[in-house]
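Whenever a hint applies, use it, and build me the whole structure from the sequences.
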Amino acid sequence: MGLFYLGLDRQIVARMQSRVGPPVVQPYRDVSKLLMKENIVPDGAWKWLFHVSPVLCVMGSAALLLYIPLFGKPALFAGSGDLILVLYLLMIPSLALVVGGFASSSPYATVGAQREMVIMMSYEFPLSVTAVGLAWRALQAADGHAFAFSTLSQYPVWDLVGPVGFVGALLLLLTLIAVTPGELGRIPFDIAEAETELAGGLLVEYS
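Using this note's numbering, the first residue of the sequence shown is number 1, and each one after it goes up by one.
Take these hints with a grain of salt, some might be off.
Ranges between beta-carbon positions, derived for each pair [said to hold, decoys possible]: (1) V24 x L176: 42 to 50 Å; (2) P23 x P181: 20 to 28 Å; (3) P54 x T175: 28 to 36 Å; (4) I68 x P181: 16 to 24 Å; (5) V24 x L95: 29 to 37 Å; (6) F77 x R19: 40 to 48 Å; (7) P54 x P107: 16 to 24 Å; (8) P54 x F77: 20 to 28 Å; (9) L87 x N39: 26 to 34 Å; (10) F166 x V24: 34 to 42 Å; (11) D43 x M1: 33 to 41 Å; (12) D30 x I68: 21 to 29 Å.
Please keep in mind that the hints were generated in silico from the structure rather than gathered at the bench.
Ideal Cβ positions, reconstructed from N, Cα and C, are used throughout, including at glycine.
Quick look at the structure:
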């Protein structure tokens, strides 16, 4: 599904720039091409970390599906505190990429990994404050599990706060909108890869 949205994003950007753009299925073709390429480990790299980092990245992303309600159905491992766990799981892919960048011993990847750490420190804290603040308000105003996605999905925060709380919730919403591009690594928060400057950054040795 993520690859489909990536292809759709490329199509929308191409239309906005009056270009034809790649087909929606192009990300699937790119992944199939990468899977068939020879696995080359750079000289001086920490081989086991270099190989383990992408696996940790995929595992962290896949584990999120166990705790997030999808299609109106409860999460498989729903319960108290799952929101806090999801915040930690969101950091695993970024941390794994940082470790992989340092493990490659490439100067471009090292600079990209350093930039990724700086970006993480700038958006992870606001994201955590926003999520925990909304969950705490929902817990105070309604019965439910503490810091759980189920509580947030069952009790809309906008209906539980007063006029002052509405302003606070609006500020949290604006904060979430501001940090979401950083979490997704979109422009202008893509300096960790910086393809025109660092040749792919922390992913240069994986391409």
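Results of checking the hints against the structure:
Our hint of 42 to 50 Å for V24 and L176 is violated, since their Cβ atoms are close to 28 Å apart. Checked against the hint of 20 to 28 Å, the pair P23 and P181 passes, with Cβ atoms roughly 25 Å apart. For P54 paired with T175, a C-beta distance near 31 Å keeps the hint of 28 to 36 Å intact. Distance hint for I68 and P181: a CB-CB separation of about 20 Å, consistent with the stated range 16 to 24 Å.
For V24 and L95, the hinted distance range of 29 to 37 Å is satisfied, since their beta carbons lie about 31 Å from each other. For the pair F77 and R19, the supplied restraint of 40 to 48 Å holds, since their beta-carbon distance comes to about 43 Å. Evaluation of the 16 to 24 Å hint for P54 and P107 yields a pass: the beta carbon distance comes to about 20 Å. About 24 Å separates the C-beta atoms of P54 and F77, a value consistent with the hinted range of 20 to 28 Å.
The hint said 26 to 34 Å for the Cβ distance between L87 and N39, and at roughly 33 Å that hint holds. Between F166 and V24 the CB atoms are about 39 Å apart, so this pair conforms to the stated range of 34 to 42 Å. A C-beta distance of roughly 37 Å is found between D43 and M1, which places it inside the suggested range of 33 to 41 Å. Hint check: D30 to I68, Cβ distance near 26 Å, so the stated range 21 to 29 Å holds.
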